[in-house]
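Asker: Take a look at the letters that make up each chain.
Number of protein chains: 2
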Amino acid sequence: MNQLKFSDYEWAMGEALKFAEAAGRKDEVPIGACLIDSQGKVVSGSGNEKESVNDPCGHAEIITLRKSAEILGDWRLEGCTLVVTLEPCLMCMGAMWQSRIKTLVFGAYDPKGGALSLGYDFHKDKRLNHTFDVIGGVKHYETSRLLSQFFRQKRGQYNFKKPN
Amino acid sequence: MNQLKFSDYEWAMGEALKFAEAAGRKDEVPIGACLIDSQGKVVSGSGNEKESVNDPCGHAEIITLRKSAEILGDWRLEGCTLVVTLEPCLMCMGAMWQSRIKTLVFGAYDPKGGALSLGYDFHKDKRLNHTFDVIGGVKHYETSRLLSQFFRQKRGQYNFKKPN
Chain S
9 MNQLKFSDYE WAMGEALKFA EAAGRKDEVP IGACLIDSQG KVVSGSGNEK
59 ESVNDPCGHA EIITLRKSAE ILGDWRLEGC TLVVTLEPCL MCMGAMWQSR
109 IKTLVFGAYD PKGGALSLGY DFHKDKRLNH TFDVIGGVKH YETSRLLSQF
159 FRQKRGQYNF KKPN
Chain Z
9 MNQLKFSDYE WAMGEALKFA EAAGRKDEVP IGACLIDSQG KVVSGSGNEK
59 ESVNDPCGHA EIITLRKSAE ILGDWRLEGC TLVVTLEPCL MCMGAMWQSR
109 IKTLVFGAYD PKGGALSLGY DFHKDKRLNH TFDVIGGVKH YETSRLLSQF
159 FRQKRGQYNF KKPN
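So the protein sequences, as listed, match chains S and Z. Here my numbering runs 8 ahead of the position in the first sequence, where the first position is 1. Here my numbering runs 8 ahead of the position in the second sequence, where the first position is 1.
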């Protein structure tokens, strides 16, 4: 099995960002994910589809994991890396455990809703039947900028500096 | 909004058990779930489909939540109760939080993989944007017997008492 390098993760985050941008254009929260196999090849990817499909589980990570399992013909995504633009929520972290991925790579941290930021480190809970590695903050600037731009537009809030 | 009674939960667990039995006949782990609305009416239900569909997220709870959201035309399942025959895993507990259910009712406890049994009580974590109630052990005997029978058959292990 090949060992992926940090540059592979950065490249894959660029791919995930394309899915995030596409989701934003459909008025979904611009979060994107892709799954790469042990050779660094993209298996599949997706943006958020929660609002457009009315699916409470329509997060980019869940859709990507399900689609990839379908493509590979196995729900066990062993050796694979999930790359996502935002720190995953509890549901998505659980789905990664269930699908037995090797590594999670995420972009921006989510202090309010991110599983790790809230202290739920179950990716390394040895009582569970699978553990996986986590790398956070890859392309942090680009991934968080996309989200903050989206929410600023949604709120109609523009911060103009007043001339002195 | 009507207040459901314990007898409503027991009746709904009977419905979830039918989905569990149907899953077992398809050689899936016999776990079943159904979602009931605030009037106690079943919106939808499902058994496990992880193996047959090759879906890492193919747990009875996730399928039921997604199907119900589709039927109701809204991913917010506010006021609804998810009834499931086994204590949910971390992924499914996360999905219940995401879909904003009112109450989780489960049957058998799962000391090895159940989110609550492992100490992850995020259904009552007030830092999150939604919390929900949990009632465990409803029809505990029937729900756990169905699972232990299935695994005993799978292992080909039958405990015969030797005659003295």
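Just so you know, not all the hints are guaranteed correct.
Which copy? The list can't say, so a pair holds if one copy fits it or any two copies do.
[What the hints assert, rightly or not] With a Cα cut of at most 20 Å, we get these calculated EDC-like pairs of lysine to aspartate or glutamate:
| # | residue 1 | residue 2 |
| --- | --- | --- |
| 1 | Lys162 | Asp118 |
| 2 | Lys13 | Glu57 |
| 3 | Lys75 | Glu59 |
| 4 | Lys162 | Asp45 |
| 5 | Lys75 | Glu57 |
| 6 | Lys34 | Asp82 |
| 7 | Lys134 | Asp118 |
| 8 | Lys110 | Asp63 |
| 9 | Lys75 | Asp63 |
| 10 | Lys120 | Asp45 |
| 11 | Lys75 | Asp118 |
| 12 | Lys75 | Glu18 |
| 13 | Lys132 | Glu57 |
| 14 | Lys49 | Glu86 |
| 15 | Lys49 | Asp141 |
| 16 | Lys13 | Glu78 |
Honestly, the hints are just simulated from the structure, not real lab data.
Asker: At most 20 Å between alpha carbons: which applies to Lys75 and Asp118, within, between, both or neither?
Answerer: Neither. Shortest intra-copy (25 Å) and inter-copy (28 Å) distances fail the 20 Å Cα cut-off.
Asker: How would you label the pair Lys120, Asp45 (within, between, both, or neither) given a Cα cut-off of 20 Å?
Answerer: neither (30 Å within a copy, 29 Å between copies)
Asker: Could you figure out if Lys110 and Asp63 sit no more than 20 Å apart (CA to CA) within one copy, between two copies, both or neither?
Answerer: between (26 Å within a copy, 17 Å between copies)
Asker: If the cut is 20 Å between Cα atoms, do Lys162 and Asp118 qualify within a copy, between copies, both or neither?
Answerer: Close inside one copy (18 Å), not across copies (43 Å); limit 20 Å.
Asker: Reference check for the pair Lys49 and Glu86, CA-CA at most 20 Å: within, between, both, or neither?
Answerer: Classified as within: same-chain Cα gap 14 Å, cross-chain 40 Å, threshold 20 Å.
Asker: With identical chains treated as interchangeable, where does the CA-CA distance between Lys75 and Glu59 reach 20 Å or less: within a copy, between copies, both, or neither?
Answerer: Classified as both: same-chain Cα gap 19 Å, cross-chain 15 Å, threshold 20 Å.
Asker: For Lys75 and Asp63, with the copy left unspecified, which applies at a CA distance of at most 20 Å: within, between, both, or neither?
Answerer: Close inside one copy (15 Å) and across copies (8 Å); limit 20 Å.
Asker: Check Lys75 against Glu18 for me: Cα-Cα at most 20 Å, and say if that holds within a copy, between copies, both or neither.
Answerer: neither (22 Å within a copy, 36 Å between copies)
Asker: For Lys134 and Asp118, with the copy left unspecified, which applies at a CA distance of at most 20 Å: within, between, both, or neither?
Answerer: between (24 Å within a copy, 16 Å between copies)
Asker: Which holds for Lys132 with Glu57 at a C-alpha limit of 20 Å: within a copy, between copies, both or neither?
Answerer: Neither: 29 Å inside a chain and 27 Å across chains, both beyond 20 Å.
Asker: Checking Lys13 and Glu57: alpha-carbon separation at most 20 Å within a copy, between copies, both or neither?
Answerer: Neither, since 30 Å and 36 Å both go past 20 Å.
Asker: Treating 20 Å as the Cα threshold, decide for Lys49 and Asp141: within, between, both or neither.
Answerer: within (19 Å within a copy, 43 Å between copies)
Comparing the model with each numbered hint stated earlier shows that hints 2, 4, 10, 11, 12, 13 and 16 do not hold.
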